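Dock chain B against chain A, hints included.
Protein chains in written order, with my numbering: chain A, 1 to 137; chain B, 1 to 111.
Calculated from the structure, these hints are not laboratory results.
Just so we're clear, the structure is a prediction, and the values are computed from it rather than from any experiment.
Misleading hints may appear alongside valid ones.
As the list claims (entries may be wrong) - Mimicking EDC-like on lysine to aspartate or glutamate, the simulated pairs with C-alpha atoms at most 20 Å apart in a straight line are:
#1 Lys24/A x Glu86/B
#2 Lys21/A x Asp95/B
#3 Lys96/A x Asp77/B
#4 Lys126/A x Glu6/A
#5 Lys21/A x Glu107/B
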Amino acid sequence: MKLRFEVDGDEFVLAGEASSKLKKVLMQLGISSQLIRKIAIAMYEAEINMVIHANGGFIDAEITPDKVFVSLSDTGPGIPDIELAMKEGYSTASDKVRELGFGAGMGLPNMKRYTDDMKVTSEVGKGTTVELTVFIS
Amino acid sequence: MKVRELMDQLELFLVAGASGVDKEVKTAYMGDMLSWVMANAQQNSAWITIQSHINIVAVASLLNLSCIIVAEGASVDEDTVEKANEEGMPIFSSDLNSYRLAVKMAELGIA
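With the rest of the complex left out, here is chain A:
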């Protein structure tokens, strides 16, 4: 099953909507709540990043019997140093965003922690793609 979501970068209010929708689909498919939790956490973090840093983008999710694969692509500013961005506590979020409880520097680490595979590709000035895989076993 393939699903596509558009993430509106101006609509902070809607951030998390795509993750909520995918979660509902996974529940209907009878995926275990433990797996859904992992996917929901990782995807939410990635979705929020798209809104905070990249003015939105597209999310493609693919559900097969053995895994859930989520690819999030934006045309934002890109990540100059992915290794640094992966460090817990490192954040480039604005003060305004931090006051709302984001920008703890936990987004990318959480994605890694809650998925079986995570791949980040980014080009400065072009955008970023995050690919998340959780195996169904």
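What follows is chain B alone, placed relative to chain A:
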């Protein structure tokens, strides 16, 4: 314990999400940084926070939390209320601070 019992015991003011008050509360989590909450709050938790913007509803729903308690009398945005009603996620407001709320919950036997 049910969310509605917690509401009565702690004298919480129900702001939104009335349809979810029969959910079970097993434990609690306290935090204002959303990524920490995402990473660490367990399902069926009552979440104590001072954040009150709309994204708290998404966090709580994605994690299957039982309810959100907004501490220190922080006001809850109108769009947060709407979203919580839609999702059936109870949001309460309390004039107590997060620590006092946690102490009271511990006294009620919520581990």
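Consistency of the hints with the structure:
{"no.": "1", "hint": "Lys24/A x Glu86/B", "in the structure": "14 Å, holds"}
{"no.": "2", "hint": "Lys21/A x Asp95/B", "in the structure": "34 Å, violated"}
{"no.": "3", "hint": "Lys96/A x Asp77/B", "in the structure": "16 Å, holds"}
{"no.": "4", "hint": "Lys126/A x Glu6/A", "in the structure": "18 Å, holds"}
{"no.": "5", "hint": "Lys21/A x Glu107/B", "in the structure": "37 Å, violated"}
Checked against the numbered hints given earlier, the structure breaks hints 2 and 5 and satisfies all the rest.
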